[in-house]
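Protein sequences, first through last, are from chains A and B. With this note's numbering applied, the first sequence covers 1 to 112. With this note's numbering applied, the second sequence covers 1001 to 1115.
Simulated from the structure, these hints should not be mistaken for laboratory data. Watch out, some of these pointers could steer you wrong.
Derived BS3-like pairs (lysine-lysine); straight-line CA-CA distance at most 30 Å [as the list claims (entries may be wrong)]:
#1 A:Lys-42 - B:Lys-1011
#2 B:Lys-1103 - A:Lys-42
#3 B:Lys-1011 - B:Lys-1103
#4 A:Lys-68 - A:Lys-93
#5 B:Lys-1011 - B:Lys-1057
#6 B:Lys-1103 - A:Lys-93
#7 A:Lys-71 - B:Lys-1103
#8 A:Lys-68 - A:Lys-56
#9 B:Lys-1103 - A:Lys-56
#10 A:Lys-42 - B:Lys-1017
#11 B:Lys-1057 - B:Lys-1103
#12 A:Lys-93 - A:Lys-71
#13 B:Lys-1057 - A:Lys-71
#14 B:Lys-1017 - B:Lys-1057
#15 A:Lys-56 - A:Lys-93
#16 B:Lys-1017 - A:Lys-68
#17 B:Lys-1057 - B:Lys-1015
#18 A:Lys-56 - A:Lys-71
#19 B:Lys-1015 - A:Lys-42
#20 A:Lys-93 - A:Lys-42
#21 A:Lys-93 - B:Lys-1057
#22 A:Lys-42 - A:Lys-56
#23 A:Lys-68 - B:Lys-1103
Small disclaimer: the values here were computed from a predicted structure and weren't measured.
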Amino acid sequence: GESVGLHLPTLSVQEGDNSIINCAYSNSASDYFIWYKQESGKGPQFIIDIRSNMDKRQGQRVTVLLNKTVKHLSLQIAATQPGDSAVYFCAEKTTGRRALTFGSGTRLQVQP
Amino acid sequence: GAGVSQSPSNKVTEKGKDVELRCDPISGHTALYWYRQSLGQGLEFLIYFQGNSAPDKSGLPSDRFSAERTGGSVSTLTIQRTQQEDSAVYLCASSQGWGAGEKLFFGSGTQLSVL
C-alpha cells in the first residue's frame, strides 16, 4: 500500500542554523504535497505546499524541495528559531482521492 | 468564527459509553474532514464531507464510528460503546472545497480518554 514516512523522528539544531526535514513517499501518483507544523496542544498549521509539476517552492524562511525521481520531499527552514520547535508532518494527496495522507512526523528541537 | 472550533477540548469517558465530538468549520468552507491522532503518531483519516455529496467514510475504523454534518456546516463525530483503543486526539479540518484548494485548516482537537 502507499505510505508517507519520515527519515528522522527527532531533529535537534542550534538556534540560527538551517534545518532540513526529510520525507519519503511511495505513491508515484501523488501530485500534491504539503507540510504542516504542529505545536503541543494545537492542531496542525499549514506551512507550505507544492504540486508535482514543480521541484522547488519558497516561502518566508521555508523552502520545500520535491524530487519525484526518488520520491523524496524536504522542508528547509532558514535561521531556525526557538518558535520553530514543533512536530512537522508531510502529507500527500493524489488527484481523485479526497483526503491527505500524513506521515508520522518529525520533532524539531531548537537549542538556544 | 475565524478558525475551526472543536468541542469539548478534553473528554474523559468510561469504556462502553457513547461520546459526541463537535466541529464548527470556517464559515464558507464546503469541505470538512475528521482525522484521528494517536500519541506520537501521524494523522489517520476518518471521514470527509464535501457539500451535498455523499460523505467519504472509507477511513472509519469500525461501525461504532459515525459522523454527520447538518446544514453543510457543523459536524458531529459519534463513537458508540467506546473502547480504550479509541483514546486519541480527534482533529477536525475544513477547506474551501474540492478543486478550490486542498489546504486544510485544523482545529485544536478533542483529546478523548477512555478509561
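Would the pair Lys-42 (chain A) and Lys-1011 (chain B) pass a check requiring their Cα atoms to be no farther apart than 30 Å? Holds, at about 16 Å.
Would the pair Lys-68 (chain A) and Lys-1103 (chain B) pass a check requiring their Cα atoms to be no farther apart than 30 Å? holds (21 Å)
Can the restraint linking Lys-1017 (chain B) and Lys-1057 (chain B) be considered satisfied, given a maximum Cα separation of 30 Å? Holds - the C-alpha atoms of Lys-1057 (chain B) and Lys-1017 (chain B) are around 22 Å apart, at most 30 Å.
Need the status of pair Lys-1057 (chain B), Lys-1015 (chain B): alpha-carbon distance at most 30 Å? Holds: Lys-1057 (chain B) and Lys-1015 (chain B) sit about 24 Å apart, inside 30 Å.
Against the 30 Å threshold, does the CA-CA distance of Lys-42 (chain A) and Lys-56 (chain A) hold or violate the hint? holds (28 Å)
Given the hint that Lys-1103 (chain B) pairs with Lys-42 (chain A), does the C-alpha gap stay at or below 30 Å? holds (17 Å)
Lys-1103 (chain B) paired with Lys-56 (chain A) [C-alpha distance capped at 30 Å]: Distance of about 18 Å is within 30 Å: holds.
Can you confirm whether the C-alpha distance between Lys-93 (chain A) and Lys-1057 (chain B) stays at or below 30 Å? holds (17 Å)
Check the hint pairing Lys-1011 (chain B) with Lys-1103 (chain B) against an upper bound of 30 Å on the C-alpha distance. holds (28 Å)
Lys-71 (chain A) paired with Lys-1103 (chain B) [C-alpha distance capped at 30 Å]: holds (21 Å)
CA of Lys-1057 (chain B) to CA of Lys-1103 (chain B), is that 30 Å or under? holds (20 Å)
Tell me if the straight-line CA distance from Lys-68 (chain A) to Lys-93 (chain A) falls inside 30 Å. This hinted pair holds, its Cα atoms lying about 14 Å apart.
Violated hint for the displayed structure: number 16, the only one.
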